[in-house]
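Q: Got chain R; can you put chain B on it based on the hints?
In order, the protein sequences belong to chains R and B.
So the first sequence is residues 37 to 468, counted in the numbering used here.
So the second sequence is residues 37 to 468, counted in the numbering used here.
Incorrect hints may have been included.
Because identical chains cannot be distinguished in the list, a pair is counted as satisfied if it fits within a single copy or across any two copies.
[To be verified] Calculated lysine-lysine pairs in the DSSO-like style (CA-CA distance at most 27 Å, straight line):
id, residue 1, residue 2
1, LYS38, LYS186
2, LYS289, LYS86
3, LYS379, LYS186
4, LYS420, LYS409
5, LYS38, LYS440
6, LYS440, LYS221
7, LYS86, LYS458
8, LYS214, LYS409
9, LYS379, LYS132
10, LYS290, LYS438
11, LYS62, LYS186
12, LYS186, LYS76
13, LYS68, LYS290
14, LYS93, LYS76
15, LYS56, LYS289
16, LYS56, LYS186
17, LYS68, LYS289
18, LYS289, LYS76
19, LYS86, LYS38
20, LYS289, LYS62
21, LYS66, LYS458
22, LYS86, LYS379
23, LYS66, LYS290
24, LYS81, LYS68
25, LYS63, LYS396
Please keep in mind that the hints were generated in silico from the structure rather than gathered at the bench.
2 protein chains.
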Amino acid sequence: MKNINVGLIGFGTVGSGVVKILQERKKFLKDKIGAEIILKKICDKNISGKRPVSVEKSMLTSNAGDILNDPQIDIVVELIGGIKPAGDFIRQALLKGKHVVTANKALLAEEGQELFDLARERGRNIYFEASVGAGIPVIKAVREGLVANKFQGVFGILNGTSNYILSEMSHENCSFQKALADAKKRGFAEANPALDIEGIDSAHKLILLVYLCFGRFVALKDVFVEGISRISLMDINYAREIGWQIKLLAIAKKSGDELEVRVHPTLVPMEHPLASITGINNAIFVHSDLVGNLLFYGPGAGWLTAASAVVSDIVDLTKDIRAGLFKPTLNIIPDQSVRRIEKIDEIESRYYLRFMTEDKPGVLGNVSGILGKFGISIASVNQKERKKAGVVPIVMVLHEAKEKNIRMALERINKLPTIEDKALAIRIEETF
Amino acid sequence: MKNINVGLIGFGTVGSGVVKILQERKKFLKDKIGAEIILKKICDKNISGKRPVSVEKSMLTSNAGDILNDPQIDIVVELIGGIKPAGDFIRQALLKGKHVVTANKALLAEEGQELFDLARERGRNIYFEASVGAGIPVIKAVREGLVANKFQGVFGILNGTSNYILSEMSHENCSFQKALADAKKRGFAEANPALDIEGIDSAHKLILLVYLCFGRFVALKDVFVEGISRISLMDINYAREIGWQIKLLAIAKKSGDELEVRVHPTLVPMEHPLASITGINNAIFVHSDLVGNLLFYGPGAGWLTAASAVVSDIVDLTKDIRAGLFKPTLNIIPDQSVRRIEKIDEIESRYYLRFMTEDKPGVLGNVSGILGKFGISIASVNQKERKKAGVVPIVMVLHEAKEKNIRMALERINKLPTIEDKALAIRIEETF
Chain R
37 MKNINVGLIG FGTVGSGVVK ILQERKKFLK DKIGAEIILK KICDKNISGK
87 RPVSVEKSML TSNAGDILND PQIDIVVELI GGIKPAGDFI RQALLKGKHV
137 VTANKALLAE EGQELFDLAR ERGRNIYFEA SVGAGIPVIK AVREGLVANK
187 FQGVFGILNG TSNYILSEMS HENCSFQKAL ADAKKRGFAE ANPALDIEGI
237 DSAHKLILLV YLCFGRFVAL KDVFVEGISR ISLMDINYAR EIGWQIKLLA
287 IAKKSGDELE VRVHPTLVPM EHPLASITGI NNAIFVHSDL VGNLLFYGPG
337 AGWLTAASAV VSDIVDLTKD IRAGLFKPTL NIIPDQSVRR IEKIDEIESR
387 YYLRFMTEDK PGVLGNVSGI LGKFGISIAS VNQKERKKAG VVPIVMVLHE
437 AKEKNIRMAL ERINKLPTIE DKALAIRIEE TF
Chain B
37 MKNINVGLIG FGTVGSGVVK ILQERKKFLK DKIGAEIILK KICDKNISGK
87 RPVSVEKSML TSNAGDILND PQIDIVVELI GGIKPAGDFI RQALLKGKHV
137 VTANKALLAE EGQELFDLAR ERGRNIYFEA SVGAGIPVIK AVREGLVANK
187 FQGVFGILNG TSNYILSEMS HENCSFQKAL ADAKKRGFAE ANPALDIEGI
237 DSAHKLILLV YLCFGRFVAL KDVFVEGISR ISLMDINYAR EIGWQIKLLA
287 IAKKSGDELE VRVHPTLVPM EHPLASITGI NNAIFVHSDL VGNLLFYGPG
337 AGWLTAASAV VSDIVDLTKD IRAGLFKPTL NIIPDQSVRR IEKIDEIESR
387 YYLRFMTEDK PGVLGNVSGI LGKFGISIAS VNQKERKKAG VVPIVMVLHE
437 AKEKNIRMAL ERINKLPTIE DKALAIRIEE TF
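Okay, chain R solo, but in the shape it has when bound (with noise of 0.2 Å):
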């Protein structure tokens, strides 16, 4: 049996985790698969830092030239993220007849379909567990596990450091801030968050989770996303006193020959199985027409973890090497009953609506006479006891309306000169 060569660009927190499973499991992995995986170079730009794991120095280079060059080299693992250089690398990787597996969702969310469409045509594959939800199987369960099912709607919890604040939030009764620092303190977040909080991570995930359950790249500009850097521990608390828990969700699902595809901070009911998803924990729901409501859960986020899954794409390409399947094993094949991606204006939904008000009568009146001019009617109203000097927060839950009647209507609730700050919107989600 034709032994692998692999070739590492990227020595940072997952490259170290991928280095020490190779090393550390040499022989287990050569035992179940029969073949050996040789991790023949690695590539960093810095290749004299200190790492959780050691290696020869003649292994490392900072050209990654020196791996995409080299003909021995069977599959190309690249872990830098971002988009550039690592789109040219995979590129250069593809046309040299390498295989890649990658981590990157941000570079697969971007430009996924060219690299796919390259692959394709020079018959090697991509594959791209760890790029979603870290070490749970969800890529391989959606492509090969649930390969004859058709798809109404995957969503989920995508991103584990909004996970992780917003349960800090809630079981230590912290606000925003604190949250953040304590998940910076802990590993949990990047020094500048904003990918994380802002939900563009989680996007990106979705985009690769739409991608596979109804094969098309919706762009990134089409995909509403919000994050959760608004939400406050008082919104926290009011939400649960009314049975729900705020998450970050990104959700896409289809609605007749549209396709919704989200992401926002979200309040699920408290006894469904998200709402109890805490810390850096990720859950996927796929709903799939044979088999129903499927989760994936597990812990989205560690160097092990996502090197774990690396791993595993590592053997699926050296069975389809050693069996010389030189095109990808799966095709994606595109959802034709999906035209359009729903615009988020036309999207309807129930909300939760928290604004500060002063302490004064007829307030809560204009709020609901501007709610009633665009058709919005409310479910229930709560005012709270004043928080600072004349200000008191009302807190509504709205009936099911259109987003675009939503926002028309907070612009002019917005201008009331009784409304301190603006109103916050988060919508309810209880179809799934």
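A: Then chain B, alone, in the frame of chain R:
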């Protein structure tokens, strides 16, 4: 590309689902895999019965030999269940050079080692995704997705019928008998439900999960199995009062060099995700060293659900066949650190104890005296309101104790003249 010919043995509920999917998704699957899956022949002892799908008469046979001896058939799908003649059919299929797909957990739990050895010898594969968790792709996840992992444990709710009964009792506040009758009416329980409610079906599935995680077949006789037929509504309600839900759990976990393998009703904390798994759903937790705790959750029964898994196995085999891979694609490696199956007597656990006593002074003293003699200490006692004349239930939660000691203590307690009926002990799990 070579087309793949499939012969189906067993045209019952799941068999009909497989036929339906292969008929209705013919082009869909061909587009995905680049080869056509042709259902060539269907065998059942009853070929004239009514079914939810229609097939050409010429495809039907009541002689399995018509499939097993057909040199054009590449894959034999066995869906008749039971040990005989299913095992013989699978052996013949392998000897004739065919790959096998089966959903037969009872057979694999009993004769799996021999069948997998034969398959390896003959360079053929046996796939069995539908045998655990129906359409939940948990076998693929464990074998392929977690290929680099070593496992600490696997446990969960593996039998939909029992879970349906327990959650009906809990939600409808009804008796075991009523819930069982309801399950039968809704098609969730067989006419003879013993295999399901006595825990045997869960044990069969657990044996397969242990094989996948730890590389060895445990004999059914070495699995401690206790069903749910002694659980009363009273216990469900008492348990809930003190924050627990009763679930039929299948549990395999490493402790030192021993493996605990057991199936029994179990108290799980109300806030644990397993507590919220209702109806016929299954939920499987897999604890592995690189990824940590993963949960797979979804419907554990349904004709299309299980058929979806069977078809995914067929698709995997078409990949193997067209690649000329005439050997198992992934070997199962025995975990050498497991040396023994722990005897149930040696297991340590906390317990919920419930007994019915005469409402006389001194009863509690007698019981706690006996427990004390065996070194068992009581965490809490709750004497309940009288249910029938003179008889009161007493509920105790015990601190961690050895199973052996509990048994000896119960034997004595059951002999007390003041104890009506036999005491019920339910194990408590909180270590996952």
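Q: Run every hint past the structure and note whether it holds.
A: Status of each hint after checking the structure:
Only between protomers do LYS38 and LYS186 lie at most 27 Å apart by alpha-carbon distance; the minimum there is 25 Å, versus 37 Å within a single protomer. Taking the closest pair of Cα atoms, LYS289 and LYS86 never come within 27 Å of each other, the shortest separation being 45 Å inside a single copy and 36 Å across copies. Taking the shortest Cα distances, LYS379 and LYS186 sit within 27 Å of each other inside one copy (23 Å), while across copies they are farther apart (46 Å). Proximity of LYS420 to LYS409 under the C-alpha cut-off of 27 Å is restricted to the intra-copy arrangement: shortest distance 25 Å within a copy versus 57 Å between copies.
Taking the closest pair of Cα atoms, LYS38 and LYS440 never come within 27 Å of each other, the shortest separation being 59 Å inside a single copy and 53 Å across copies. Taking identical chains as interchangeable, the C-alpha atoms of LYS440 and LYS221 are never at most 27 Å apart, the minima being 40 Å within one chain and 47 Å between chains. Taking the shortest Cα distances, LYS86 and LYS458 never come within 27 Å of each other, neither inside one copy (47 Å) nor across copies (64 Å). For a Cα distance limit of 27 Å, the shortest separation of LYS214 from LYS409 qualifies neither inside one copy, at 40 Å, nor across copies, at 52 Å.
When the C-alpha separation of LYS379 and LYS132 is checked against a cutoff of 27 Å, the pair qualifies neither within a copy, at 41 Å, nor between copies, at 57 Å. Taking the closest pair of Cα atoms, LYS290 and LYS438 come within 27 Å of each other only inside a single copy of the chain (17 Å); across copies the shortest separation is 53 Å, beyond that limit. For the homomeric pair LYS62 and LYS186, the shortest alpha-carbon distance between copies (13 Å) is at most 27 Å, but the shortest distance inside one copy (38 Å) is not. Taking CA atoms no more than 27 Å apart as the test, LYS186 paired with LYS76 passes between copies only; the shortest distance there is 24 Å, against 40 Å inside one copy.
Taking identical chains as interchangeable, the C-alpha atoms of LYS68 and LYS290 lie at most 27 Å apart only when they sit on different chains, with a minimum of 21 Å there against 40 Å within one chain. Taking CA atoms no more than 27 Å apart as the test, LYS93 paired with LYS76 passes inside one copy only; the shortest distance there is 12 Å, against 58 Å between copies. In this homomeric assembly, LYS56 and LYS289 come within 27 Å of each other (Cα to Cα) only across copies, at 25 Å, whereas the closest approach inside a single copy is 39 Å. In this assembly of identical chains, LYS56 and LYS186 lie within 27 Å of each other by CA distance solely across copies; the values are 14 Å between and 38 Å within a copy.
In this homomeric assembly, LYS68 and LYS289 come within 27 Å of each other (Cα to Cα) only across copies, at 22 Å, whereas the closest approach inside a single copy is 38 Å. Taking identical chains as interchangeable, the C-alpha atoms of LYS289 and LYS76 are never at most 27 Å apart, the minima being 43 Å within one chain and 37 Å between chains. Taking the closest pair of Cα atoms, LYS86 and LYS38 never come within 27 Å of each other, the shortest separation being 33 Å inside a single copy and 52 Å across copies. Only between protomers do LYS289 and LYS62 lie at most 27 Å apart by alpha-carbon distance; the minimum there is 25 Å, versus 42 Å within a single protomer.
For a Cα distance limit of 27 Å, the shortest separation of LYS66 from LYS458 qualifies neither inside one copy, at 60 Å, nor across copies, at 54 Å. Taking the shortest Cα distances, LYS86 and LYS379 never come within 27 Å of each other, neither inside one copy (48 Å) nor across copies (47 Å). In this assembly of identical chains, LYS66 and LYS290 lie within 27 Å of each other by CA distance solely across copies; the values are 24 Å between and 43 Å within a copy. Within a single copy, LYS81 and LYS68 get their C-alpha atoms no closer than 34 Å, and across copies no closer than 39 Å, so neither meets the 27 Å cut-off.
Proximity of LYS63 and LYS396 under a CA criterion of 27 Å is satisfied in neither setting, with 74 Å inside one chain copy and 66 Å between copies.
Hint compliance for this structure: hints 2, 5, 6, 7, 8, 9, 18, 19, 21, 22, 24 and 25 are broken, all remaining hints hold.
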